[in-house]
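Here is what each chain is made of, one letter per residue.
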Amino acid sequence: MTVRLAIPALILLAVAAIPFAAPSLQLLMNLALAKGIAVVGVTVLLRAGQVSFGHALFFAIAAYAAAFLSASMPGADLVLVLVVAVAGAAISGVLVGLFVVRYRGIFFGMLNLAFSMIFWSILEKFYHYTGGADGIRLPRPTVFGMALERGPFELIMFYLSLALVILLGWFTVRWFASPSGQLFQTIKTNETRLQYLGVSPQRALLTGYVLSAALCGVGGVIMGIVQGVVTPEFAWWIRSGEMVFIAVLGGAGSVAGAFVGAAIYEIVRTYASAFAGDIWQMLLGGFLLVIVIFAPKGVIGIYDATLARLTGTRANDGETRK
Amino acid sequence: MNLTIFLLALFDGIAYAALVFSVAVGLTLIFGVMRILNVAHGSLYAVGAYLTVSLTGYILALGFAPVLAFPMMIVSAVLVGVLIGGPIEWLLLRRIYNKPEVLQLLVTFAVFMILEDVQRLVWGTQPYFQASALQAMGMIRVFGVNYTVYQLIILPLVALVLLVGLRFFLRHTILGKLILATTEDREAAQSIGIDADKVFLLTFIVGAALAGLGGALASPTTSILPGMGADMIVLSFAVVATAGLGQIEGAAFTALLIGLGRSFAVYVWPETAVLVPYLIMLIVLLVRPEGLFGSPTARKI
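Chains as they are written, first to last, in our numbering: chain A, 914 to 1235; chain B, 1007 to 1307.
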C-alpha cells in the first residue's frame, strides 16, 4: 500500500522540480498539465459510460473568454481571467448539457461533436470578432496588480497549474465518492435503477457534464495564457479526439491516469513530431485501437497489475488515487 | 429575393442534397443493420473523391474521352468498398459487436484518425480539382437560369436510383431479405442457416462503397482537400440523426431539407450557411429525440 502511494508522490515531487532541474521541459510540462486537467473532464464522462467527441468546445470557450476579457480590459488580473473563463465554460456546459444529457452513447458523442464543429465554424467565419483562423492574442495578465516579466510569469503559471492539478484531481476523486458522484456513475451501470430510486438520470448526468465542461475550461484557459494566443484550432475535432485518446491511454475513468496519459502524450509528441509529424494521427489511431482492444484499462491498469504482481496483493481498481 | 436567385438556391440545394444523401444512406444502412455508427465513413467519402480525381486524371492523360470519368467514379466507389471497407469490418468491427457502444465508437474513431493521415500521405495537402465530368455534360437553361446538367440532372437522378434501388434490393431480393432478417434477429437468422458474419461483411462493403460513391460524385463540383472527411461525417450524421438512425427513406427527405436550408442560407446570410444543417438537427431533436421518422425504442428492464 505504501508503494502505491509513494510512487505518485515521487512523480509529483519530480514534476515540481522541473523548472529548476530541467528548465527546457518547463513549457512542455505546463502544457501537459493544462491538457491533463482538460482530459480529466473527458474522464469524468467516461465514468458515466459516455464519450464526448466535442469537449474541445469548452476548452476553446474558456480560452476565447479569457482573450475577449483581456482585450476589453487591458491588464486584467490573472485570477479574474481564470474565474471569468471557467465560468464561461461552465455556463456553456449548462446550456449544451441541458440538451445533450437527454441522449446516451452514439447520440451523446456525436451531438457534442456537432456543437464543437458549430463553434469552430463560428470562430472561423466571423473573423471581425474572432480574428478568423489567425485567432486573437491573449496578452499576459497581471498577477495581483503586478505586470510580470516572461520568466517569473511562466514560473507562476507552472506552479499554479501544478496546484490546480492536485486540487482539481483531488476534488474530482472526492466527487466520485460523493452521493452526487455515485448517482452520476450509476448511469453507466444501471440507469433504470436510478429512475426507480426516484432520481432523475438527466439531472445526475448534467451535474457531471457541467463539472467536465468546467475542467476542460480550466485546461483551455491555462493553455491560452501560456501560449499567449488562442486560435480556432482550440475547438477543432482533432483536439477533442486527442483528449479522448489521452483519457483512454491513461486508463478509462482514472483521474491519475488522465495526468499520466497527458504527460506521456506531450513528451512523445514533442520528440516524435520531428520525424513522425506526417503520420501522427495515424500513430494515435493505431495506439487507440491497440489499447481499446487489448488493454482497455490503459496505463493505470498496467501499473496496478504490475504492482499487484510485485507486492502479491490484489489490486483494487486503482481509480481512487491522487 | 428575385426568381433567378430563388432558382439558383433551389438548384444548389437539390444538387447538394443529392450528394449528401448518397453519403448518408451508407451511414444509415450500416447503422440499421450492424448497430454501429461508422465515424470513419467521412474518410471513406474523402478517399472516394481523391481516388476518382487520380483515376480520371490518369485516363485523361492517356487520351481517353472525358465521359469516361463516370465509369471511374463507379470503379473508385467499388475500390473503396472492397479494399478499405472490407478489411475494416473483417479485421476490426468483427471483434467488437458485443462490446459497449462507447468502445465501438472509439474503434471507428481510431480508424477515422488513421485514414485521415493515409489520405495526406498518399495525396498530400494541396487541393485537387478535376471537373471534366462536370464539363463533359454541358449546361442547361431552366427559366432563364443556366445550370450544369451534372448537378441539376445527373446527381438527383443518381440519388433517386440509389433510393429506389436500395429499397428494391432490401425488400425484393433474396440477399436483401437475408440482410433484413439478420437485422431483425441475428440469432434466429443464424439458426435457420444464414451466415450472419457474411451478411455483416457485405453490408459494410456496400455502405462503404456508397460513401466512396458520394465522394466520387462530389469530386467534380468541389476542390478536394484534407478535412473534407471530418465535415462530411458530421453533416451526414446530422442528416441521419434528423431522420432517425436506420431510416433510409427518411434520410432522403432530411437530406433535401438540410440541403435546401443550407443553400438558401448561402444566398441570404452566407456566414450562417455552415450552421443551418445543425440548427435544423437541433430543432428536430429537441421536439422528437428519436428523429423525424424514427420510432421511440421500448425500454428494456
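What the hints contain is simulated information worked out from the structure, not anything from laboratory work.
Each hint should be verified, as a subset may be incorrect.
Stated by the list, open to error - Below, a list of computed lysine to aspartate or glutamate pairs in the DMTMM-like style, where the Cα atoms sit at most 25 Å apart:
| # | chain 1 | residue 1 | chain 2 | residue 2 |
| --- | --- | --- | --- | --- |
| 1 | A | Lys1038 | B | Glu1296 |
| 2 | B | Lys1105 | A | Asp1191 |
| 3 | A | Lys1101 | B | Glu1296 |
| 4 | B | Lys1183 | B | Asp1201 |
| 5 | A | Lys1101 | B | Glu1107 |
Said to hold, decoys possible - Partial list, derived from the structure: chain A residues whose beta carbon lies under 8 Å from chain B:
| # | residue |
| --- | --- |
| 6 | Val964 |
| 7 | Gly1022 |
| 8 | Met1023 |
| 9 | Leu1026 |
| 10 | Tyr1042 |
| 11 | Thr1043 |
| 12 | Gly1154 |
| 13 | Ala1176 |
| 14 | Ile1177 |
| 15 | Ile1180 |
| 16 | Tyr1184 |
| 17 | Val1205 |
| 18 | Phe1207 |
Here a beta-carbon is modelled for each residue, glycine too, at the ideal position from N, C-alpha and C.
Going through the hints against the structure:
1. At most 25 Å may separate the alpha-carbon atoms for a hinted pair to count; A:Lys1038 and B:Glu1296 exceed this at roughly 31 Å.
2. A distance of roughly 32 Å separates the Cα atoms of B:Lys1105 and A:Asp1191; the hinted pair therefore is violated under the 25 Å criterion.
3. For the hint pairing A:Lys1101 with B:Glu1296, the CA-to-CA distance comes to about 21 Å; that is within 25 Å, so the pair holds.
4. For the suggested pair B:Lys1183 and B:Asp1201, the alpha carbons sit about 13 Å apart, so the restraint of at most 25 Å is met.
5. As the CA atoms of A:Lys1101 and B:Glu1107 are separated by approximately 11 Å, the hinted pair is consistent with the 25 Å bound.
6. Contact between A:Val964 and chain B, as hinted, is supported at the beta carbon level, the nearest pair being about 5 Å apart and thus within 8 Å.
7. The beta carbon of A:Gly1022 is positioned within 8 Å of a beta carbon in chain B (closest approach about 5 Å), and the interface hint is therefore held.
8. Among the interface hints, the one on A:Met1023 holds; its C-beta lies about 5 Å from the nearest C-beta in chain B, closer than the 8 Å criterion.
9. Evaluation of the A:Leu1026 hint against chain B yields a held restraint, the C-beta minimum of about 6 Å falling below 8 Å.
10. Look at A:Tyr1042: its Cβ only gets to about 11 Å from chain B, farther than 8 Å, so that hint breaks.
11. Annotation: interface hint on A:Thr1043 violated; nearest CB of chain B at approximately 11 Å, more than 8 Å.
12. At its closest, the beta carbon of A:Gly1154 sits 6 Å from a beta carbon of chain B; the interface hint therefore holds under the 8 Å criterion.
13. Contact between A:Ala1176 and chain B, as hinted, is not supported at the beta carbon level, the nearest pair being about 21 Å apart and thus beyond 8 Å.
14. Annotation: A:Ile1177 was flagged as interfacial toward chain B, and the flag is violated, the nearest CB pair being 18 Å apart, outside 8 Å.
15. Because the closest C-beta pair between A:Ile1180 and chain B is about 20 Å apart, greater than 8 Å, the hint is violated.
16. The restraint placing A:Tyr1184 at the interface with chain B is violated, with a minimum CB-CB distance near 18 Å, outside the 8 Å limit.
17. Look at A:Val1205: its Cβ gets to within about 5 Å of chain B, closer than 8 Å, so that hint holds up.
18. Restraint check, A:Phe1207 versus chain B: the minimum CB separation of about 10 Å is more than 8 Å; hint violated.
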